[in-house]
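Just so you know, the sequences run in chain order L and C. According to numbering that gives the first Met the number 0, the residues represented by the first sequence are 0 to 204, in order. According to numbering that gives the first Met the number 0, the residues represented by the second sequence are 0 to 204, in order.
FYI, nobody ran anything at the bench for these hints, they're computed from the structure. Please note: incorrect hints may appear among the correct ones.
Heads up, the list lumps identical chains together, so a pair's fine if it works in one copy or across two of them.
Result set (SDA-like, lysine to any residue): computed pairs, CA atoms no more than 20 Å apart in a straight line [stated by the list, open to error]:
1. 127 to 22
2. 187 to 199
3. 35 to 66
4. 82 to 147
5. 187 to 102
6. 127 to 174
7. 140 to 199
8. 191 to 134
Protein chains: 2
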Amino acid sequence: MDVQIVIPFRLSNPKSRLAGHLSEEERKNLAVCMLKDVLAAVCNYPVTVVMNEPYPELESEIKFAEFVVDSSPLNDAVNTLMKPGTAVVMSDLPLLTEEVVERFLKTEGDVVIAPGRRGGTNMLLARKHFRVSYHYGSFLKHLRIAESMGLKLAIFDSFYASVDVDDYSDLLEVMLHCKGETKKFLQKLGFKVIMEKEPYLTRDL
Amino acid sequence: MDVQIVIPFRLSNPKSRLAGHLSEEERKNLAVCMLKDVLAAVCNYPVTVVMNEPYPELESEIKFAEFVVDSSPLNDAVNTLMKPGTAVVMSDLPLLTEEVVERFLKTEGDVVIAPGRRGGTNMLLARKHFRVSYHYGSFLKHLRIAESMGLKLAIFDSFYASVDVDDYSDLLEVMLHCKGETKKFLQKLGFKVIMEKEPYLTRDL
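Chain L on its own, in the form it takes in the complex:
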């Protein structure tokens, strides 16, 4: 079955929980870096980035993806694009690699879910008709939806896919494990890992 990748992306006030640590401009650049790392990981497949408003700079910078603007809420915007053989990949997974995506797309099941921390769904592959429902503990919701539809569900076990960037502690995971743009960007902002007792992040300004 051919696979298409759908990546929802929002650039207006992104990653608001990091507002105490990064300016809005920095958070926007962080969001773009993470999107680029995700795009690099899925580059072997047709990709559609669905945005809530147009970002011409982004479109002109990233050539191989298709960009769609849809101002409806996240679930509706994604469900409009869902068809059998769709993998929805969150845009804030900077540890994702081609190898992780390959392993994910090879996992058998009508629906395959890569869980994120705190009950999230970081990647979801639907080989049959399926409608996503993000927010409010989407992992358990997607489990129940698949069950109610009689679909065979598989959980994809990946640390790299589980780390979405949401709060400050997630930046430490980026600094420790990311090989892409996002780590370079944080380094440019002055972040570094200090290894006294537990490793923690600091920032030179």
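Go by the hints and put chain C onto chain L.
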């Protein structure tokens, strides 16, 4: 190559970061439940549990593992048991399953590391001579040790292996993803997952 599993275990004041939420007795029982879940995941291999003091009740309850008492610091106690073909598995990984352990032990490399959150090393397989160094960001330390010894290192990518129970937020991961004793124990203590906005934990007392 034959593999032996080594599990370090400490029952005196375990999981002290949970002291605000669980009594010492509850934390001890939690630690034992997690050890049981880990033991169930590695049950196809010879297992040595290395403890800092004797726990006769545990030894009499868990029959298939060998118990060794060694009061030296963690690294020394583990390194005494290290020989080529040793996998060191932390005792607080309640999401571990037989499948995860199988995939881990099949991963090629002189040294294979399953990272934990916050720079930890949750599982480490050494197929050549290697000395562990836990605490203070062991993931990066083990990377450097392997590099300095010219060993081929592989990172094992697993969400289930990455979740060690350290602070309160980790209990949510147990409630969402654990299939073993640890979840049952938390349920018995009154914990349940509330799904309003982000899922969070609550406890009926």
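Now for the hints, and whether the structure bears them out:
1. For the homomeric pair residue 127 and residue 22, neither the shortest alpha-carbon distance inside one copy (41 Å) nor that between copies (47 Å) is at most 20 Å.
2. In this assembly of identical chains, the alpha carbons of residue 187 and residue 199 lie at most 20 Å apart only when taken from the same copy (17 Å versus 35 Å across copies).
3. Within a single copy, residue 35 and residue 66 get their C-alpha atoms as close as 14 Å, which meets the 20 Å cut-off; across copies the closest is 49 Å, which misses it.
4. Proximity of residue 82 to residue 147 under the C-alpha cut-off of 20 Å is restricted to the intra-copy arrangement: shortest distance 18 Å within a copy versus 49 Å between copies.
5. Neither within a single protomer nor between protomers do residue 187 and residue 102 lie at most 20 Å apart by alpha-carbon distance, with minima of 32 Å and 37 Å respectively.
6. Taking identical chains as interchangeable, the C-alpha atoms of residue 127 and residue 174 are never at most 20 Å apart, the minima being 37 Å within one chain and 28 Å between chains.
7. Taking the shortest alpha-carbon separations for residue 140 and residue 199, only the inter-copy value of 15 Å comes in at or below 20 Å, while the best intra-copy value is 33 Å.
8. With identical chains, the CA atoms of residue 191 and residue 134 are at most 20 Å apart between copies only, with a shortest distance of 19 Å across copies and 31 Å within one.
Hint compliance for this structure: hints 1, 5 and 6 are broken, all remaining hints hold.
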